[in-house]
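Asks: Here is how the chains run, residue by residue.
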Amino acid sequence: MTVTLIAICLAETVPDAGGKPHPEFPGLQIGGDGAARLQHIGILGFAFQSLLLIQIVLLSILGVAERYRSNSLIIYMSACLAMMLLIGWKMFSGHLQFLDTNETDYFLGFPTATAWQTYGTWLGAIPLVLIYSLGFRKFIYTEEDERQFNTLLAEKAQQQE
Amino acid sequence: MEEYRQEIIISAVVVYMVFCVLTGLWAMRRTHNASDFFIAGRGLGPIVVSLAIFSSTLSGFGFVGGPGLVYSIGVSSFWMVIISSIGYALCFFLVSKRIRMIAELRDCISLPDIVAARYGSESVRFMIAVTIVLGVMGYLATQILAMAVVMQAIFSGTETFANVGLVTCVIISSAVLIFYCVTGGIIASVYTDVVQGTIMIVAGSLILLTAINVFDGGMQEATSIILADDAETIMPYGAAGIMASLGWFFVFGLGLAGQPHIITKLMMNKEINDNRSMLPLSLFGYVMAALLWISIGIVMRAAVLDGRVEPLALPDDAASVFLSVFTNPFLAGIVFAGLFAAIMSTSDAFLNIGTAAIIHDIPKAIQGKSLENELLWARVVTVLLAILAACFALYSHFQDATLVAILGAFGWGTFAASIFPVVAIGLNWKGASVAGAVTAIGAALLINFISQLAGYTFPYGVSGQLVAFVSSMTLFLGVSLVTKKPVLDTDIDRVMDI
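Same order as they appear, the protein sequences are chains A and B.
Quick note on numbering: the first sequence equals residues 1 to 161 in my numbering.
Quick note on numbering: the second sequence equals residues 162 to 659 in my numbering.
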């Protein structure tokens, strides 16, 4: 990710890549030419987004004790990652498609690409939440963990006495 | 009813503030020692902690600055909100279980306590405590100022109170905040958070329904108006562009697990098993409340572009203008009470962790022990810290905004960059070393400070906060890998195996 970020910072710049003031209404910003803004860093940006999603899932796995990183957990996490990457791609490619055609459908109030971003990103992590909540006693804090922790507390109390 | 709009709004806010004062008095009887004052004696239920977590996450910024950002730059700022589901999940995976276990095992009452136990280092404790104090000053000052500005705006709509000045508003709002924080400590804070969270959920839901009905064609008509004006604004990366958006994705997503006022709450639940329900409950609350952020911003931008509303003097006026133009007085009353709730719930959390850092952690790091009679000192320092922040807010408003702006930069981004690697990764990776932690915190502070002071901008809207976060994580991992593998205390080693 660090390398991708450096590559983006070193890429050829375009004017107003971070937006510019609205010509008519003070306080409003506009994006302007979307194709130009993505010309040099579009793929790098998407790569950064994908790497971030991969990092999030890997960090979630890091939060599970090593002995519980079973095949089933890896399968659940991989499915979760695949879904998040798919949502990211639908958003990115939908945006590129709009830039090509200047046409878009709408879904629940937003242009399709933005709907993928808004609803997709929000809901895309729900499987992670489910893995945590429903798998809590299997992956996060099992009955064996609880026993071990209570033993540790008891030993600590004994030492203090 | 419309002629009584201001009176209804003031009544809603007064009722809310009276509730806060009463909660402070009630909680005072349950606060017997420093542990009760700072972490509620680790005796709270899952619903209380969940509501406290999400209401502390969504500050006044979410109710004022958030809609203003959507109004100004469009979908770019959605990234701060939609990433919450990933952010909360990651926070629970990485932090919730171990922070709670170490808190109970070592009788920790603050985040620096946890860090000192994990790394066996007073240097790391000191650096985290100093980071917290710097961040708290910036955050608190801006929150108190926001409260006073909103209160003055409400008063200005009435005949009786039209001439009430900003200083008076700072005094009134700070007094209520100080009263319940001093008397009831964190117990008062979390129980007011419950009501604050509930108000925010109700406000968010009702505002969404109102916003959808502003245009005959619903939200689609609003987004179509924006699309016709400038398509990029309503496309996934908004007016600010792809890297600004992904920067927020990174800093707000991963960074949630590095916010001290949020993760400290994960030490307060009675049972570790409560974590399984706290994650979905916190997330649900946040999403419902954040609907306000998105819907007001979109509708106000479309309304201005469409000529239904005059252009706003400031983007931050988006929420207040929306409330006065499009909502009935009762809903406006609920939302204004919700706004105060959002500000106060974040402020009380910061007062609490800032006080803990000053009276407990910094003395412990320097002289090896915390102050005698911590409960008394906690109350004294809470008052002093709030007064200092209030003075700071007024000074910045009337004299020089630079200092608060600089300390404001010690907000979310700096907490994320300096605390996430050290806590979220450090609690799950035995290879994390003291040198790695010190380097990461130092780099995060330095890069954020320099980029803020120098006003340096990176290409493509890449933010200094993102650069600081990526750098601190890279340094944390790199330095830990090349330095000697740390020897952990036996009990911490066993906790990290669980």
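Hints are supplied without guarantee of correctness; some may be wrong.
[What the hints assert, rightly or not] 25 angstroms max Cα-Cα, derived BS3-like pairs, lysine-lysine:
1. B:K646 / B:K591
2. B:K591 / A:K156
3. B:K431 / A:K156
4. B:K525 / A:K138
5. A:K138 / B:K431
6. B:K645 / A:K156
7. B:K645 / B:K591
8. A:K156 / B:K525
[To be verified] Covered stretches of chain B (chain A as the covering partner; in silico rule of three or more C-beta atoms under 8 angstroms from a C-beta of chain A):
9. 353 to 364
10. 628 to 640
[Said to hold, decoys possible] Computed Cβ-Cβ distance ranges for the label pairs, DEER-style:
11. A:E146 / B:T321: 53 to 63 angstroms
12. A:T101 / B:V176: 48 to 58 angstroms
13. A:V3 / B:A323: 52 to 62 angstroms
Honestly, the hints are just simulated from the structure, not real lab data.
No experiment lies behind these values; they were computed from the predicted model shown.
Even for Gly, the Cβ is constructed at its ideal location relative to N, Cα and C.
Asks: Run every hint past the structure and note whether it holds.
Replies: Cross-check of the supplied hints:
1. B:K646 / B:K591: The given pair, whose Cα atoms are some 8 angstroms apart, holds under the 25 angstroms limit.
2. B:K591 / A:K156: holds (21 angstroms)
3. B:K431 / A:K156: holds (19 angstroms)
4. B:K525 / A:K138: violated (38 angstroms)
5. A:K138 / B:K431: holds (21 angstroms)
6. B:K645 / A:K156: violated (28 angstroms)
7. B:K645 / B:K591: holds (12 angstroms)
8. A:K156 / B:K525: holds (22 angstroms)
9. 353 to 364: violated (count 0)
10. 628 to 640: Satisfied; 4 residues make the cut.
11. A:E146 / B:T321: 53 to 63 angstroms: Hint holds: Cβ distance 60 angstroms, inside 53 to 63 angstroms.
12. A:T101 / B:V176: 48 to 58 angstroms: Distance hint for A:T101, B:V176 holds at roughly 53 angstroms.
13. A:V3 / B:A323: 52 to 62 angstroms: holds (58 angstroms)
Hint compliance for this structure: hints 4, 6, 9 are broken, all remaining hints hold.
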